[in-house]
Every structure is written in structure tokens, then in C-alpha cells.
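Novice: These are the residues of each chain, in order.
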Amino acid sequence: DVKVTQSSRYLVKRTGEKVFLECVQDMDHENMFWYRQDPGLGLRLIYFSYDVKMKEKGDIPEGYSVSREKKERFSLILESASTNQTSMYLCASSSHYQTGEGTGAFFGQGTRLTVV
Amino acid sequence: QKEVEQDPGPLSVPEGAIVSLNCTYSNSAFQYFMWYRQYSRKGPELLMYTYSSGNKEDGRFTAQVDKSSKYISLFIRDSQPSDSATYLCAMSATGGSYIPTFGRGTSLIVHP
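For the record, the sequence lines run as chains V and U.
If you use the working numbering, the first sequence closes out at 170, no skipped numbers anywhere.
If you use the working numbering, the second sequence closes out at 119, no skipped numbers anywhere.
Simulated from the structure, these hints should not be mistaken for lab results.
Built from N, CA and C at the ideal position, the CB exists for glycine as well.
Careful: at least some of the hints might be erroneous.
Dumping the calculated DSS-like pairs for lysine-lysine here, alpha-carbon to alpha-carbon at most 25 Å [as the list claims (entries may be wrong)]:
(1) U:K77 - U:K9
(2) V:K72 - V:K124
(3) V:K72 - V:K125
(4) V:K57 - U:K49
(5) U:K49 - V:K67
(6) U:K74 - V:K111
(7) V:K107 - V:K57
(8) V:K125 - V:K111
(9) U:K74 - U:K63
Here are some, though not all, of the chain U residues that point toward chain V, as calculated from beta-carbon distances under 7 Å [said to hold, decoys possible]:
(10) G50
(11) M55
(12) Y56
(13) Y105
(14) P107
Let the hints inform the model, and build the full structure from the sequences given.
Specialist: Following this line, the structure appears as C-alpha cells:
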């Protein structure tokens, strides 16, 4: 089974702190994604990466950065956390080769971040 | 207009009912169609996928794709309270990085 693991289920941080969210996948997937999910807004793509050291902005990259130094690991960084970044953060991975059982993106369990 | 439209619900049905969940889309390049189930406070889990048009069945679940109408459906037969969750549709085009585009999700409540 594909496994995508996020480092924390729940986090509480103070405004202005630098926050690191870590994600690791064990399926040798090329693509990795960070989303945030808010009630009524659905999943919004923050950043994605299609290869090591490669990154592309998604729909809402402002206030975030990412790092992908190894294929299996994709980190999301909140440079200076703000209360409007309180949200559920979801990491996902997928293969370049969408065939058969490899089709689709596979998600981690999510990190519920609260910024106070 | 969003690329993928999905009625947020909630959809409330009695146990044993047949449930129909739907999405419409505008991008004719979409070839891969997926349904995810998300329980409260958990990450989405991939439920079913379909390539191009047609039907796919897995137990109580059937996924249908009608590319001519740009319309996809997920049917749940003999619905159970454990099916209560948010269902998200997703789709992607061939080539590139297969970045999925998600609907906003439909909340389903199956009451005993």
C-alpha cells in the first residue's frame, strides 16, 4: 500500500513563528503536493514538485515555501505564521505514470495547524 | 466558472438507499477520473478511478464517466452509516504531471 506520512497530526504555533510541515512517501512517486483544506473552499493547491529540487507554485503560494531535497520528502514552510494560515494541511504524492492501480494522488492523514 | 463543479450537500439518506454523487467539468482534456472518500479530520482516500469513458464497479460502488456530457457519477448501493463522509471527485489530463483538479466535495450522511 502507498503510504504518505505527515510528521504531525496537530500543531499549535504562535503568530510570527516559522513552521515546518514534513511529508514522506514510500512509493517512489515523482510528484508531491501540498494542499490546504478549509470549510466551503475545498482543496487548494499551495505548491507541487515533480522532481527533486523542482517546485511549482499552485493556486495559493503566498506566505509559503517548499523544499524537496530528496525524492521521498517534501516540506512545507510557513515563513512567518499568521492566523489566516490556520487550516488543515494535506500532503499528497502521485506517479508520473497514471496507469492501473497507480492512478491518482495518495494523501497523508493531514496536519491540523492552529496559529494563535 | 470552476473547472470542476460538485454540489456540497449535505445529502442525507436512510440506510440501504442508493446514493448518486455527481460532478461536472469543463476541461475536455481530462482523461482520468477519481473519487475520494474523506472521513472527518482525516486525509482523503482514493476510492475509485476510471480512465476515459465508461463504468467501473467495485463492490457496492460504481463509477460512471460520460465524457460527451462532461459528467461523472459515483453510485453507492445499499448505503451504510459507515459511508457517511465527504466524497470528492478529481480529474486530470494526460501528459504533464497529472496534477489532479478536485471538486469541493459532497457531504453524505447515511442515517440508520
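Novice: Against each hint, give a clear statement of whether it holds in the structure.
Specialist: So, going through the hints one by one against the coordinates:
1. U:K77 - U:K9: holds (13 Å)
2. V:K72 - V:K124: Status holds; Cα separation ~21 Å.
3. V:K72 - V:K125: holds (23 Å)
4. V:K57 - U:K49: Cα-Cα ~14 Å, so holds.
5. U:K49 - V:K67: Satisfied, since the Cα-Cα distance of roughly 21 Å is no more than 25 Å.
6. U:K74 - V:K111: Given pair K74 (chain U), K111 (chain V) is violated - Cα atoms ~29 Å apart, limit 25 Å.
7. V:K107 - V:K57: Answer holds: K107 (chain V) to K57 (chain V) is near 21 Å, not above 25 Å.
8. V:K125 - V:K111: Holds. K125 (chain V) to K111 (chain V) sits at ~18 Å (cutoff 25 Å).
9. U:K74 - U:K63: With a Cα-Cα distance of about 14 Å, the restraint between K74 (chain U) and K63 (chain U) holds, given a limit of 25 Å.
10. G50: At about 4 Å, which falls below the 7 Å cut-off, the nearest Cβ of chain V leaves the hint on G50 (chain U) intact, so it holds.
11. M55: Because about 9 Å separates M55 (chain U) from the closest Cβ in chain V, which is outside the 7 Å limit, the hint is violated.
12. Y56: The hint holds - Y56 (chain U) has a Cβ within 7 Å of chain V, the shortest such distance being about 4 Å.
13. Y105: holds (5 Å)
14. P107: Hint holds; P107 (chain U) Cβ to chain V Cβ min 5 Å, cut 7 Å.
Of the numbered hints stated above, those contradicted by the structure are hints 6 and 11, listed in ascending order.
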